[in-house]
Amino acid sequence: MKKIILLMLLLVLPVIESYSQVQRFPKPEFESGYTQPVPVKSFPRSVSLEYLDVAVLFIALCLSAYFALKKRSRNYIFSLMLFSMIYFGFFRQGCVCSIGSIQNISLALFDKTYVVPLGVIAFFTLPLIFTLFFGRTFCAAVCPLGAIQDFVILKPQKLSNRLNQVLGLIPYLYLGLAVLFAATGAGFLICRYDPFIGFFRFGFNQNMFVFSTAILLLGVFIARPYCRFLCPYGVLLKWASVLSKRHVTITPDECIQCHLCADSCPFDAINTPTPEKYPGDPDKGKRQLILLLILLPVMIVAGGWSVSKLSVPLSRNHYIVKVAEQIRLEDTGRTNLTTEFSEAFRGTGMPTTELYNRAAHIQARFKTGSWILGAFLALIFMSKLINLTLWRRRKDYEPDKAACVSCGRCFTYCPKEHERLLELRGETLEHNRN
Amino acid sequence: MNITETDKIAVYNLLKKIAVIAAVFSLLVCLFFILNYFQLVTNDPLNSPALEKFYTDLDANPNDDALRQQIRSLDLLARKAYFTKQWQINFGGYILFAGIIVLLVSLKLMSSFKHKAPELPGAPEDTWENRLLSQKWIMYSGIVILSVTITLALLTRKEMTAASFEKQGASKYEIPSENDILKNWPYFRGPRTIGYAEYSNVPQFWDGETGENILWKTPLPKPGFNSPLLWDNKIFLSGADESAEEVYCFDAETGQIIWQRQVTGIPGSPSEPPDVTEDTGYAAPTMATDGSYVYAIFATGNLVCFDVDGNKIWGKNLGVPDNHYGHSSSLLVDRGMLLIQYDHGNGASVMGLDASSGKEVWKVERDMGIAWSSPVLVNTGNKTEFILNANPNVVSYDPKTGSELWRVECLSGEVASSPAYADGIVYAANEYAILAAIQPGDPPEIIWEYEDDLPDASSPVATDKYVILSSGYGSVTCLDAKTGSVYWFHEFDDGFYSSPILVGENVYLLDLKGYTHIFKADTTFSLLNTAKLGEESSAIPVFADKRIFIRSNENLYCIGEK
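Protein chains in written order, with our numbering: chain V, 998 to 1431; chain D, 221 to 782.
Hints are computed from structural coordinates only; laboratory data are not their basis.
If a hint is listed, it holds; no wrong ones were tucked in.
Looking from chain D toward chain V, a few residues come up when the C-beta cut is under 8 Å (computed):
(1) 350
(2) 370
(3) 373
(4) 487
(5) 530
A virtual CB, placed ideally from N, CA and C, is assigned to each residue, including glycine.
Chain V with its partners taken away, still in its complex shape (with noise of 0.2 Å):
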């Protein structure tokens, strides 16, 4: 089975790029008679609608909590993701979404001209508020991408705990850069680079294309790839769970240390046991973890600073700077070839020197924005090694708060889950089995 998917995924790629591209046609060099349609302008959605999508987000989000929970069925919580794929995915085609929203909030932080719609607020706030109170339900059943990714689990390999650790880091980077991107203006990185915009749309651009299969492909496999090793609102959404009052828990009852549920989480977010005893040298652990908290200012400032020397090529993707560049490079005379964006601009009329001091300005936030996420990596890097050091006794299986999205998969392996739904239903185990 697993070599018909992949055959049929191979096939699929170079047909659907095909498919995305953009096809253009030269105008006739004689008179047709045909009128050329007029551009129409698209018109930002209705006020209405646009609260239409808060309270289904809403209203999603209580049914996912309830679902996951109370009711504890993953069949209600599967059932809701679809109807959130086809909802949030193809009906309203991945916009507005929360984790774009990030970009929105952090764009209005840092320009005061920039004005978020009330809807924006409500898709940034109301998960990381049912998250606080009930972890990551959101992603359970509410995020179209997350349902398009448990879509297509079918072969859910397991990821070793370190490349798991690893590769957990990339969110933070991308947050960071996300955040760096929308608060300096130069665009939004999540947006741009959603790979599943354009199965929601039916359209792609050709590069987009190739990363969004490539993520769904991985996604057969590695569960929810995007959400566990590339979602910069998962990061938010991880620090809020892990506050979270009331979490889902693995088995109804007590953890009667079977073991059963070990295997059953395809995002490998199922904390084991530990042994009673710290393994490990006490003074040896200790000597580590001052060591690793002197270092942490130090790695702070060295990664502030190693990251703010990146803050110029950063700067290239705003459109000021490259245009900047661009006119530099013209008027010294490094280049004769003019782009369309140079040619633009001379036909502004606005003098070169203001054109550099916007160029400068911006660069200098780049360098700023690139110095603190410098030190938020570095922070980042630190307090995972710091977690890494501590040591924390834990009897039982259970949801790792952070990772865990709440999918409900690992209700059913745990015996005691039978049992509630043997009560439920008015019988006993012995009874069943009789």
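Go by the hints and put chain D onto chain V.
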């Protein structure tokens, strides 16, 4: 309803069949897709051999209407085929999507029927060794990221840093002081615009052929009849031909080119240059500078501004001038205002632009004929006047607002000679017209007139005592500035396109063959020397401290005592 194991197996088998059918169906659609795609890629309907042949035939018989109709029909057919294929691809995409959805749903349901039994209890995975290994991996990845970051940072183009842009952006425009202007040679006819040199400690003898008193000589990349400018230690001039317009900056000490910029990316610049005559060319107007920026204009109407380091500040096209010889009026810049005389067949005008941005501050449409003369800026007592020669008027404007101060009708024909000024009197002359000594005022008054041996391309120079005229025929005339009576007349072998420059009490006048005649500004003609460049020249020399810079048709010379 209880589902038996047999039912489950039956449903599973059904799902398996559906999955296989969906897979085969999707594969077939895929094959169709691939075929269609390659057809679209390989067959360019508009460049088919049949159409190409028809086009060739049509070139040979442009009046063949039947062939024309055939081309149209074939073109339409090709387009229809192309768009049908496109529709097929679009429609096929949806079918394929549906097929894949069915396949995925079937596989998903099959997996739910094939419920994997939980593994029997084993040893917990979260061992201490695992944690240590994770720590190591995180450290290694951190080191890799840090190394990549630093490597990328090292590979970054340094000249594009924020500091660099700040420097460029910070190269703010500054209005030069009067003293700075007088120390340099920022305009066509010197810092006072009327043919006066501020330095008289310059050589009186040189020989371009033997190299005597020639400090350096640098070949010019492109031709141009404009004269050099000097600011601090930089010489600016422009050059152009049919293919390109360029601005140059030379080191006044060594003659080396400091920067050379091609004028590109000017909005509205014509794709084809206008027709010009050989003796005017595409770069006849002399540039202007104020020490911050340099400004150049060309026969195409392209006006460009660079800072003195060669960074382009702005550029615009003023409209291609309708000028049968080629545009030649030089630029002036006064206290942040770039002043342009733009008298052409398709609309004569004079304008003042903001020098730092190129934005128009004022513009006056003029009822004048085409003019090749250059404006002057003179202080006539309590105000600065911007005076222009044209056919038929000499007009004075306020350089700040463009408001007209006075006008005198005294010129005619093809006016190329620029005004002279001394002791409150404006002197305007042109061949086939008159030399008029004008007392500015309201109304202005012509004090005296002179009609012989008038200049055609060169411009007169005046002092409180004398007015000196030179012509394209080689004549030089010295008149009494008060009365217009002739003090002396001398005829040289070669004519003058360059203009006489007053250097102390002497006059330097460069003829077309490259000989500079140095004579006294006096009541009698007294030739002090004739210095030989060895090359033809039409430009006005630049007089600096102990040095003279001359642009010949081929080279830029620096003359000074060795």
